[in-house]
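J.: Please put together the full structure from these sequences, using the hints given.
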Amino acid sequence: MRDFRDAKAMAQTLRDALKAKSISVSHSGSLELVARTLGFHDWNVLSAAIQSSQPVAAQGKGPPAPSLNGGTVIPVAPMRDIVFFPQLISPIFVGREKTRRAIESAAANDGRIVVITQRRAEDDDPNFDALYSVGVVADIMNRVELPNGNQKVRVSCGKRVAVVRPAEADFLAAEVVPLDEVRALDTEAFALTGEIFEAYRSSTNTVPPQSLYRYAGEPGVLADVVVQLLEVGVERMQQVLEIRDVVARLETILGWMRAGPPAQAS
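Using our numbering, you'd call the opening residue of the sequence shown number 1 and step up by one each time.
Hints were generated in silico from the structure; no laboratory data involved.
Treat the hints with care, as some may be off.
Simulated DEER-style distance windows between Cβ atoms [stated by the list, open to error]:
id	residue 1	residue 2	range
1	Arg119	Ser26	40 to 50 Å
2	Gly233	Asp6	14 to 24 Å
3	Ala216	Ile89	17 to 27 Å
4	Ile89	Ser24	20 to 30 Å
5	Val144	Thr187	16 to 26 Å
6	Asp245	Asp139	21 to 31 Å
7	Pro208	Leu185	42 to 52 Å
8	Leu229	Asp6	42 to 52 Å
9	Leu146	Arg214	31 to 41 Å
10	Ala216	Asp81	29 to 39 Å
11	Asp245	Arg214	15 to 25 Å
12	Leu146	Ile89	17 to 27 Å
13	Ser28	Ala259	25 to 35 Å
14	Glu235	Ile89	22 to 32 Å
Built from N, CA and C at the ideal position, the CB exists for glycine as well.
T.: Following this line, the structure appears as structure tokens:
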């Protein structure tokens, strides 16, 4: 089997073969077909895997690696109606048995859990088709058993990660790769931070919290923090989480603030 890093060449070969049969497929369409053929969720996830420094390891072979560089299998905790971002420290409340087992497995190993948002909050037993493909990896800081039988787990969120391959057992787990930021220190990114502060002031009719200004030198973090302060809904927050390009992330949020709050469904 060819290495998944040959995906672009494979996509071109596929297009040429189909063209010879008078079947027209776009470049992006051929990339999506190759990604799914290789077992990836979509081209974005495969692209993230290609950009990792090492080939993705085969699912279920050996213990989790100590870093995220080559594809790592980590337990997954699905979240309802909330999107977690890098650098966020927050509690999660665990009641579902499968999620509890994922937390127990993580705590028994290196303490890392992948936090991913569900597409439908009402889904009580989601599989990977019911989850978004991008989340964050988080370190478990502490756990507290609550009187109602649930568990309060405090986590510290780290990098964005993309699910490469699910590994479902008696709890959700997945092989993931990091999604490193692009243009994080670009001049345009820093220029947009001033526009973000001004747009926040105009759209909310309030002065930006003083705490926001500490992120003026970190445009990517600023974008992540600002979107959590806006009432844009889970889908838009997830959209921002999935944008690796910091300039594009800032421009997206800026556009929303200038356009006003999204229309409510009737």
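J.: Hint by hint, note whether the structure agrees.
T.: So, going through the hints one by one against the coordinates:
| no. | hint | result |
| --- | --- | --- |
| 1 | Arg119 with Ser26: 40 to 50 Å | violated (26 Å) |
| 2 | Gly233 with Asp6: 14 to 24 Å | violated (39 Å) |
| 3 | Ala216 with Ile89: 17 to 27 Å | holds (21 Å) |
| 4 | Ile89 with Ser24: 20 to 30 Å | violated (50 Å) |
| 5 | Val144 with Thr187: 16 to 26 Å | violated (45 Å) |
| 6 | Asp245 with Asp139: 21 to 31 Å | holds (26 Å) |
| 7 | Pro208 with Leu185: 42 to 52 Å | violated (22 Å) |
| 8 | Leu229 with Asp6: 42 to 52 Å | holds (43 Å) |
| 9 | Leu146 with Arg214: 31 to 41 Å | holds (33 Å) |
| 10 | Ala216 with Asp81: 29 to 39 Å | holds (30 Å) |
| 11 | Asp245 with Arg214: 15 to 25 Å | holds (23 Å) |
| 12 | Leu146 with Ile89: 17 to 27 Å | holds (19 Å) |
| 13 | Ser28 with Ala259: 25 to 35 Å | holds (27 Å) |
| 14 | Glu235 with Ile89: 22 to 32 Å | holds (24 Å) |
Of the numbered hints given earlier, the model fails hints 1, 2, 4, 5 and 7; all others are met.
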